[in-house]
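Number of protein chains: 2
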Amino acid sequence: MELLKQRIIRDGVVKPGNILKVDSFLNHQIDIRLMNEIGKELKKIFADKPVTKILTIEASGIAIASIAAQYFDVPVLFAKKAKSQNLDGDLFTSVVRSYTYGKDYTITVSKKFLTSDDHVIILDDFLAVGSAMKGLIDVCKQAGATVEGIGIMVEKGFQDGGKYLRENGYNLHSLAIIENMEDGTITFRE
Amino acid sequence: MELLKQRIIRDGVVKPGNILKVDSFLNHQIDIRLMNEIGKELKKIFADKPVTKILTIEASGIAIASIAAQYFDVPVLFAKKAKSQNLDGDLFTSVVRSYTYGKDYTITVSKKFLTSDDHVIILDDFLAVGSAMKGLIDVCKQAGATVEGIGIMVEKGFQDGGKYLRENGYNLHSLAIIENMEDGTITFRE
Chain U
233 MELLKQRIIR
243 DGVVKPGNIL
253 KVDSFLNHQI
263 DIRLMNEIGK
273 ELKKIFADKP
283 VTKILTIEAS
293 GIAIASIAAQ
303 YFDVPVLFAK
313 KAKSQNLDGD
323 LFTSVVRSYT
333 YGKDYTITVS
343 KKFLTSDDHV
353 IILDDFLAVG
363 SAMKGLIDVC
373 KQAGATVEGI
383 GIMVEKGFQD
393 GGKYLRENGY
403 NLHSLAIIEN
413 MEDGTITFRE
Chain F
233 MELLKQRIIR
243 DGVVKPGNIL
253 KVDSFLNHQI
263 DIRLMNEIGK
273 ELKKIFADKP
283 VTKILTIEAS
293 GIAIASIAAQ
303 YFDVPVLFAK
313 KAKSQNLDGD
323 LFTSVVRSYT
333 YGKDYTITVS
343 KKFLTSDDHV
353 IILDDFLAVG
363 SAMKGLIDVC
373 KQAGATVEGI
383 GIMVEKGFQD
393 GGKYLRENGY
403 NLHSLAIIEN
413 MEDGTITFRE
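Protein chains in written order, with the numbering used here: chain U, 233 to 422; chain F, 233 to 422.
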């Protein structure tokens, strides 16, 4: 998606350790006009899918999921990062490795809100090694829900998450795939 | 807001310890149509304010902040709950007491995105004792930003957060104020 790529080039900041900071428009401050254009694009991409729910994970995925859900006219469901027993009742859970924070955490989704009747688009801001995405897919599997597609704003193409998902047959669409940013210059995959 | 109150009556679940679960439409699964109606209502309430930014806190505030921001046509800024040093540079921070989890945590906002030029509407899903809200106000004070208003979806009127904010002159609007739910029956403040 050209608009997003241009914005990454203009406002993204590459930090040592292959970190791309997009906190001025995507995951701390959020440009809602841009989110709307992305939401429309995601609807175009998945227009032929019978979607019943947009699934994401807290926190920064919630913005794009909420804006995009307007175009799909379905509810959002966001997986929580378990902190307590405050969520009651029956939960689907999956363990996710965080490479940013160097530890595992558990994600939870209430069984009430994800069933075998659901056809899900999973949306998130970033895809790198794909740990969180595998957790979200795992939760869908446990529910018997159908994953109709996966939409990502920024994929780090030099990490293995996207490769794994494509090889395993998931309908993955990343709006910007970064091939390389090692010397501080961002190159996108064509 | 009648639509929200009706929905709370219909789908809210009162749990022991004055806990109101609204996870079927507000803070786990999210009814985006309802969020849109709430977003429009918030714009009506704060129509005369010169708003430059919607401020909220992760995670569940992000949905209403993002949807409402469309009507204000301004960016969203969400305070993060500090987990690591991954946010670089200069940060405004404030310590918030979580009564749900029984501990303190630090919220952070990048100094780049909140300045004395900003006129802010703070939005959140719940207001109870007001700890998180006081943290968000503190961050605005540090930045020299003007708090033009505070919009809350569900205020627990039997806790002190709303009283504190009104007595201190904040332009607080809660769309549903629960007066009592002790016996499992929800009564709203008129």
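No lab work stands behind these hints, which were simulated from the structure alone.
Only a predicted model underlies this, so the values are computations on that prediction, with no experimental measurement involved.
Please note: incorrect hints may appear among the correct ones.
Identical copies go unnamed one by one, so any copy, or any two together, can satisfy a pair.
Said to hold, decoys possible - Straight-line Cα separation of at most 30 angstroms, DSS-like style, residue types lysine-lysine; simulated pairs: (1) K343 <-> K313; (2) K253 <-> K313; (3) K344 <-> K253; (4) K335 <-> K313; (5) K335 <-> K272; (6) K344 <-> K272; (7) K343 <-> K247; (8) K343 <-> K237; (9) K313 <-> K366; (10) K395 <-> K247; (11) K313 <-> K247; (12) K373 <-> K253; (13) K343 <-> K281; (14) K373 <-> K281; (15) K343 <-> K373; (16) K343 <-> K253; (17) K276 <-> K335; (18) K366 <-> K253; (19) K276 <-> K247; (20) K281 <-> K335; (21) K276 <-> K373; (22) K275 <-> K247; (23) K237 <-> K373; (24) K247 <-> K281; (25) K344 <-> K313.
Now for the hints, and whether the structure bears them out:
no.: 1; hint: K343 <-> K313; in the structure: both (15 angstroms within a copy, 27 angstroms between copies)
no.: 2; hint: K253 <-> K313; in the structure: both (22 angstroms within a copy, 17 angstroms between copies)
no.: 3; hint: K344 <-> K253; in the structure: between (36 angstroms within a copy, 13 angstroms between copies)
no.: 4; hint: K335 <-> K313; in the structure: both (13 angstroms within a copy, 17 angstroms between copies)
no.: 5; hint: K335 <-> K272; in the structure: neither (35 angstroms within a copy, 41 angstroms between copies)
no.: 6; hint: K344 <-> K272; in the structure: both (29 angstroms within a copy, 29 angstroms between copies)
no.: 7; hint: K343 <-> K247; in the structure: between (39 angstroms within a copy, 18 angstroms between copies)
no.: 8; hint: K343 <-> K237; in the structure: between (37 angstroms within a copy, 25 angstroms between copies)
no.: 9; hint: K313 <-> K366; in the structure: both (14 angstroms within a copy, 24 angstroms between copies)
no.: 10; hint: K395 <-> K247; in the structure: within (24 angstroms within a copy, 45 angstroms between copies)
no.: 11; hint: K313 <-> K247; in the structure: both (26 angstroms within a copy, 22 angstroms between copies)
no.: 12; hint: K373 <-> K253; in the structure: between (32 angstroms within a copy, 26 angstroms between copies)
no.: 13; hint: K343 <-> K281; in the structure: within (23 angstroms within a copy, 42 angstroms between copies)
no.: 14; hint: K373 <-> K281; in the structure: within (18 angstroms within a copy, 47 angstroms between copies)
no.: 15; hint: K343 <-> K373; in the structure: within (12 angstroms within a copy, 42 angstroms between copies)
no.: 16; hint: K343 <-> K253; in the structure: between (34 angstroms within a copy, 15 angstroms between copies)
no.: 17; hint: K276 <-> K335; in the structure: neither (37 angstroms within a copy, 44 angstroms between copies)
no.: 18; hint: K366 <-> K253; in the structure: both (23 angstroms within a copy, 28 angstroms between copies)
no.: 19; hint: K276 <-> K247; in the structure: neither (33 angstroms within a copy, 42 angstroms between copies)
no.: 20; hint: K281 <-> K335; in the structure: neither (35 angstroms within a copy, 44 angstroms between copies)
no.: 21; hint: K276 <-> K373; in the structure: within (25 angstroms within a copy, 42 angstroms between copies)
no.: 22; hint: K275 <-> K247; in the structure: neither (32 angstroms within a copy, 38 angstroms between copies)
no.: 23; hint: K237 <-> K373; in the structure: neither (32 angstroms within a copy, 35 angstroms between copies)
no.: 24; hint: K247 <-> K281; in the structure: neither (37 angstroms within a copy, 38 angstroms between copies)
no.: 25; hint: K344 <-> K313; in the structure: both (17 angstroms within a copy, 27 angstroms between copies)
Violated hints for the displayed structure, listed by number in ascending order: 5, 17, 19, 20, 22, 23 and 24.
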